[in-house]
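Visitor: Sequence:
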Amino acid sequence: MPDFVPSPPNSPSPTPTSFSLVCNDGVTFPISSKALGHSIILRTMCEHLGVDRGEVAIPLANVDGPTGKLVVEWCEKHKDDPLPGSLDREPGPGPSAPPFDMPLWDRHFLGKHHCSIPQMAKLVKAANYLEIPWLYKFCCKRIFKDYIEDSPLDHLKALLEPREWHEEY
Numbered sequence: 180m181p182d183f184v185p186s187p188p189n190s191p192s193p194t195p196t197s198f199s200l201v202c203n204d205g206v207t208f209p210i211s212s213k214a215l216g217h218s219i220i221l222r223t224m225c226e227h228l229g230v231d232r233g234e235v236a237i238p239l240a241n242v243d244g245p246t247g248k249l250v251v252e253w254c255e256k257h258k259d260d261p262l263p264g265s266l267d268r269e270p271g272p273g274p275s276a277p278p279f280d281m282p283l284w285d286r287h288f289l290g291k292h293h294c295s296i297p298q299m300a301k302l303v304k305a306a307n308y309l310e311i312p313w314l315y316k317f318c319c320k321r322i323f324k325d326y327i328e329d330s331p332l333d334h335l336k337a338l339l340e341p342r343e344w345h346e347e348y
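Everything in the sequence shown is counted per the working numbering, starting at 180 for the first residue and increasing by one.
There may be inaccurate statements among the hints.
Stated by the list, open to error - Derived pair list, reagent style DSSO-like, types lysine-lysine, alpha-carbon separation capped at 30 Å:
id, residue 1, residue 2
1, K258, K324
2, K316, K213
3, K324, K291
4, K256, K320
5, K248, K291
Hints are computed from structural coordinates only; laboratory data are not their basis. The structure presented is a predicted model; accordingly, all values stated were derived computationally and were not measured.
With the hints as extra help, turn the sequences into a complete structure.
Guide: Structure, rendered in structure tokens:
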């Protein structure tokens with residue numbers, strides 16, 4: 180997928196391609212093609228459909244506006260990072276993933292003071308739905324570090340005990 184739209188002959192410089200993401204509540208966010216590339220599903224869809232100029236608004240049926248804003252902010256921050264590869268792998272158990280450190284910006288962005296538990300749950304769902312592997316991994320690691328790692332067993336049982344789920348979860 181090209182990162183730039185071809186410039187007209189007398190244009191001084193190319194402009195980055197931008198797409199529009201439309202969340203399920205109608206909120207629309209622009210996103211650059213480099214940032215969009217972090218979503219395996221959106222990148223693959225645009226490649227297969229031949230969409231490279233942001234001619235269409237891309238609907239996100241399972242993502243609300245506040246969550247979409249966080250997804251776009253994360254992707255734009257990481258747009259110059261290497262893009263994730265395909266998630267295709269052999270079925271069945273595989274080797275454990277190596278441990279990784281979360282960059283400081285991501286720790287702050289996903290911290291307790293920036294993302295509530297319900298918002299973090301929505302962000303994990305969005306990262307999974309849009310196949311944004313590093314955002315998904317960082318969210319899961321942050322949940323583990325903030326809420327699970329040093330918690331007593333009784334607290335975890337109460338936290339994870341099955342109950343009726345409400346719309347905010």
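Visitor: All the hints need checking, so say for each whether the structure fits it.
Guide: A quick look at each hint next to the structure:
1. K258 with K324: Judged against 30 Å, a Cα distance of about 25 Å means the pair holds.
2. K316 with K213: Roughly 20 Å separates the two Cα atoms, so the pair holds.
3. K324 with K291: 10 Å, holds
4. K256 with K320: Distance of about 19 Å is within 30 Å: holds.
5. K248 with K291: 17 Å, holds
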